[in-house]
Amino acid sequence: MAFRIRPVDATFYDLFSESAQHLVIGAGLLAEMLAEGADREDVAQRMRDAEHAADETTHSIVRRVNSTFITPFDREDIYALASGLDDIMDMMDEAVDLVLLYEVKELPPELSVQVEVLQQCAELTADAMPRLRSMKDLSEFWIEINRLENTGDKTFRRLLAKLFSGDFKALEVLKLKDIVESLEGAIDAFEKVANTIEQIAVKES
Amino acid sequence: MAFRIRPVDATFYDLFSESAQHLVIGAGLLAEMLAEGADREDVAQRMRDAEHAADETTHSIVRRVNSTFITPFDREDIYALASGLDDIMDMMDEAVDLVLLYEVKELPPELSVQVEVLQQCAELTADAMPRLRSMKDLSEFWIEINRLENTGDKTFRRLLAKLFSGDFKALEVLKLKDIVESLEGAIDAFEKVANTIEQIAVKES
Amino acid sequence: MAFRIRPVDATFYDLFSESAQHLVIGAGLLAEMLAEGADREDVAQRMRDAEHAADETTHSIVRRVNSTFITPFDREDIYALASGLDDIMDMMDEAVDLVLLYEVKELPPELSVQVEVLQQCAELTADAMPRLRSMKDLSEFWIEINRLENTGDKTFRRLLAKLFSGDFKALEVLKLKDIVESLEGAIDAFEKVANTIEQIAVKES
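Residue numbers (UniProt numbering), protein chains in the order written: chain U, 1 to 205; chain Z, 1 to 205; chain V, 1 to 205.
It should be emphasised that the hints constitute simulated quantities derived from the structure, not laboratory data.
As the structure is a computational prediction, the values presented were derived from the model and not from experiment.
Please note: incorrect hints may appear among the correct ones.
Simulated crosslink set (DSS-like; lysine-lysine; CA at most 30 Å straight-line) [stated by the list, open to error]: (1) 154(U) <-> 203(Z); (2) 105(V) <-> 177(U); (3) 169(V) <-> 154(U); (4) 169(Z) <-> 105(V); (5) 154(V) <-> 177(U); (6) 169(Z) <-> 203(V); (7) 203(U) <-> 105(V); (8) 203(V) <-> 154(U); (9) 203(Z) <-> 203(V); (10) 169(Z) <-> 192(V); (11) 105(U) <-> 154(Z); (12) 177(Z) <-> 203(V); (13) 192(V) <-> 177(U); (14) 203(V) <-> 154(Z); (15) 154(V) <-> 105(U); (16) 177(V) <-> 154(U); (17) 192(V) <-> 162(V); (18) 105(Z) <-> 154(V); (19) 192(Z) <-> 192(V); (20) 192(U) <-> 203(U).
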C-alpha cells in the first residue's frame, strides 16, 4: 500500500518495549542466580518482583486492547505478542525458582551458556520492539533469534547427554533436567515471539 | 451500554453450568481416590465415566457454537471457556489415573491439601457459571480462584522440596512428581478459566 | 447450501497433502530408528531433513494464507490445521532425537506398537487431505484416528506401568519415559488434527 494514514494508539509500542525490558532484567537475574556464591533467596525474591512487574505490563496491554477501538495491528496479534512475551518471563522465573527450590549444589557450566543465549535474546527483543512502529528492519531480529535458538538447542542436547552420561545420580538428573528444560523453554518462547513478529510484519507490509 | 437487547441462545449458560458440575464430581472422585482404603480400580472407572460425560458436554457446546448464528458472547471466548473447563477435567482424570497406574503406596498428606483446593475451585466455578448470564458479581470469583491458585502454588513448591529432600527413592520421586504436577496443572487450569471469564466480563461490560 | 461458487486458491489443498506426506515419511523413519541394528546417526539425520522439509511446507501455507484474499476455509482454521500437522512432525522428530541422544540400549517392544499406530495415523491423514476439497467422506477419518488414539493410550499406560514395575533402573526409566511420552504426544497431536478437521467440516457443511 503506497499511502496509509491510520490513527493508532501509540502507547501499545511503549508497552511492548516495557514488556521486553522486563525480560532483560529477568535474564540478568537468571545470570546472577547461577553465579557462584549468589544469595539465592535474595535473587529469587527480586525475580518474583520482576515477574509481577511483567504481569502488570501484560495486563495493561490486554486492558488497552479490550478498551481501544483502533489498534496498531490485529487484536489477536497483540494478544499473541503480549502473552508470548509474558510466557518467556514465566519460564525464566520458573528456572530461578527451581534452582532455589531444589537446592542444587553443582550446576554444569553449560547452564551459563544457555543463560547467555537468553540474555542476548532479551537484548535483541528489547531493541526490536520500538521498530514495530515502522515495521522496518525487523527481519534481522527474527533471523538472529532463530540462529540463537539453534545454538541453544545444540547446548540443550549436549546438556541432556551429559546428565545421562552416568556422572550424575538419578535424583540430581531429575533436578537438573527440570532446570535445563525450563531454560530451553524460555529460549523456545523467544523464538515463538520472533515468529509472531515475523507474521505481524508480513501481514502489515 | 445502558440499553441492550440481544436475542441469545440461553442454553449456552446451561451447558457451561453442566460443564462445571462435572468438575465438582471429578474433584470429589479425586478426593475419594486419595482416601485410605479406597477401591482405586472402582474410583478410576467412575472418573473415566465422569470424564466422558464432561467430554459430551464440551462437544455439545462446540456443536452449538458452530450451528448458532447469535451467541451470548464472542465465539472464540465460548471455545476458550469450553476447552478451558475441559482441560481441568482432563488434568484431574490424569491425576486419578496416575495414582492407579503407578500403584503408589504412600501418598504425602500435602496431596490432600491440593485436592481440597481443587474441590473449592470446582465449587466456586460451578457457582459462578449461572452469573455469566448477567455478567454480575463475577469479580469475586476470579479473585478467589487466583487466591486459591497462590495457595496451591505454595503447597506445590513445598511438595517438590519434600520429594527431593532425600526421604524418597528416585523411582518414587518420579511417580509422585507426575501426580503432584498433574494436580498443579489442574489448579493452573482453573486459574486460566478464571482469567478467560475475567476477559469476557471486561469485553461485555 | 445448495449452490455455491467460491473462487478458491486450490494450492492450499496441495500444500496440506504435502504436509501430510511428510508425516508418512517421518513415521517411517521413526520405525527405522527403532529397528534392531539401525544406523541411528544416519536415520536421525534423515529425520532432521524431513522435519526441515515439513517446516518449509508449513511456512508456505502460512505465507499463502497471509497473502491470499480468498481462502478455501477460515483463515484461523488453516493456521490451526497447518500448525497441528507441524506439531506432529516435531513430536516424531523429538522421539527420534531422544533415542539417539540417550543412547538407550534396550527398547521395550511396545514402542514399536506405538510407532505402528503413528504410521497408520499418518497414512490415514495423507489419504484424508485431498478430501478436504469436497469435504466429503471425512467422518470415517476422524472416527478412525480417535479409535487409534484410544488404542495408543492403552499401550501408553501399559508402557508406563512396565517402566515402573521395578525391572528398570531409575535412569533408564527417566530416558524411556521421555521417549514414550513423545510418541504419546505425537499420537495425541494426530487426534488434535482430526478434531480440527471435524470442526472445519462441520462449519463448512
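Against the structure, the hints come out as follows:
1. 154(U) <-> 203(Z): With Cα atoms ~44 Å apart, residue 154(U) and residue 203(Z) exceed 30 Å; violated.
2. 105(V) <-> 177(U): holds (21 Å)
3. 169(V) <-> 154(U): The given pair, whose Cα atoms are some 27 Å apart, holds under the 30 Å limit.
4. 169(Z) <-> 105(V): holds (24 Å)
5. 154(V) <-> 177(U): OK: residue 154(V) and residue 177(U) at ~27 Å, within 30 Å.
6. 169(Z) <-> 203(V): violated (52 Å)
7. 203(U) <-> 105(V): Measuring from Cα to Cα gives roughly 48 Å; hence the hint is violated.
8. 203(V) <-> 154(U): Status violated; Cα separation ~43 Å.
9. 203(Z) <-> 203(V): holds (25 Å)
10. 169(Z) <-> 192(V): violated (36 Å)
11. 105(U) <-> 154(Z): Holds, at about 23 Å.
12. 177(Z) <-> 203(V): Measuring from Cα to Cα gives roughly 41 Å; hence the hint is violated.
13. 192(V) <-> 177(U): holds (28 Å)
14. 203(V) <-> 154(Z): violated (44 Å)
15. 154(V) <-> 105(U): violated (40 Å)
16. 177(V) <-> 154(U): holds (22 Å)
17. 192(V) <-> 162(V): This hinted pair holds, its Cα atoms lying about 27 Å apart.
18. 105(Z) <-> 154(V): This hinted pair holds, its Cα atoms lying about 23 Å apart.
19. 192(Z) <-> 192(V): holds (20 Å)
20. 192(U) <-> 203(U): holds (17 Å)
Checked against the numbered hints given earlier, this structure breaks hints 1, 6, 7, 8, 10, 12, 14, 15; the rest are met.
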